[in-house]
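Novice: Take these sequences, add in the hints, and give me the full structure.
The sequence shown begins at 1 in the UniProt record's numbering and counts up one residue at a time.
For the record, the hints were derived by calculation from the structure and aren't laboratory data.
Built from N, CA and C at the ideal position, the CB exists for glycine as well.
Any given hint might turn out to be false.
[Stated by the list, open to error] Restricting the straight-line Cα-Cα distance to at most 20 angstroms, the calculated cross-link-like pairs of lysine to aspartate or glutamate (DMTMM-like) are:
no. : residue 1 : residue 2
1   : K31       : D106
2   : K4        : D106
3   : K4        : E81
[Unchecked claim] Label pairs and their calculated CB-CB ranges:
no. : residue 1 : residue 2 : range
4   : V66       : E127      : 30 to 40 angstroms
5   : Q147      : D42       : 36 to 46 angstroms
6   : Q108      : E24       : 27 to 37 angstroms
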Amino acid sequence: MFPKLFHCRVTGALYKILSVWGDELGEVGIKWEINLIRQGEDWLSTPDLIFIPYENLPVESLQDEVCPIAPELIINIMPGEKSFRELVEDAIAYLEAGVQRVWLVDYQARSITVFYADSRPRNYTGEMQLIDRLFEGLELTPEQLFQQAKLPKA
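Specialist: What follows is the structure, given as structure tokens:
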């Protein structure tokens, strides 16, 4: 299944939000393939969005290639090519591979579920502030995201 309009709008809105916040801090990638280890084997994955701080991957070392390190943040948007169960399994595998945060954005449920490397997942809806010490200065609510993406209210 290929992304549809609302998936594209949410991807674009998240890219803008992350770019405005982190332009000087790191690289925001859309559908940038990453090379990780999953269950002891190479795993190529292509999340919807990733964020990597420049301190982990200096801008001068960037090449036109597969991302060589675990991003700090991976975002996948639902619905998409994978089922919810597959995305949760991927989120756990991302965390085991060194990713610090995984956001699973469900625009139909108008929610963002955050998976943490060091605690249980948390679901954000409506006007709940998604504030994370890992991404200092980035403040977002699911409702702000979905309004910026120009999604109709359910």
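Novice: Hint by hint, note whether the structure agrees.
Specialist: Hints and how they fare:
A distance of roughly 17 angstroms separates the Cα atoms of K31 and D106; the hinted pair therefore holds under the 20 angstroms criterion. In summary, the hint linking K4 to D106 is supported, as the alpha carbons are separated by about 13 angstroms, within the 20 angstroms threshold. Our distance criterion of 20 angstroms between C-alpha atoms is met by K4 and E81, whose separation comes to about 11 angstroms. Our hint of 30 to 40 angstroms for V66 and E127 holds, since their Cβ atoms are close to 38 angstroms apart.
A hinted range of 36 to 46 angstroms holds for the C-beta pair Q147 and D42, which are about 40 angstroms apart. In this structure the hint that Q108 and E24 lie 27 to 37 angstroms apart at CB holds, the actual value being about 34 angstroms.
The earlier numbered hints are all upheld by this structure, with none contradicted.
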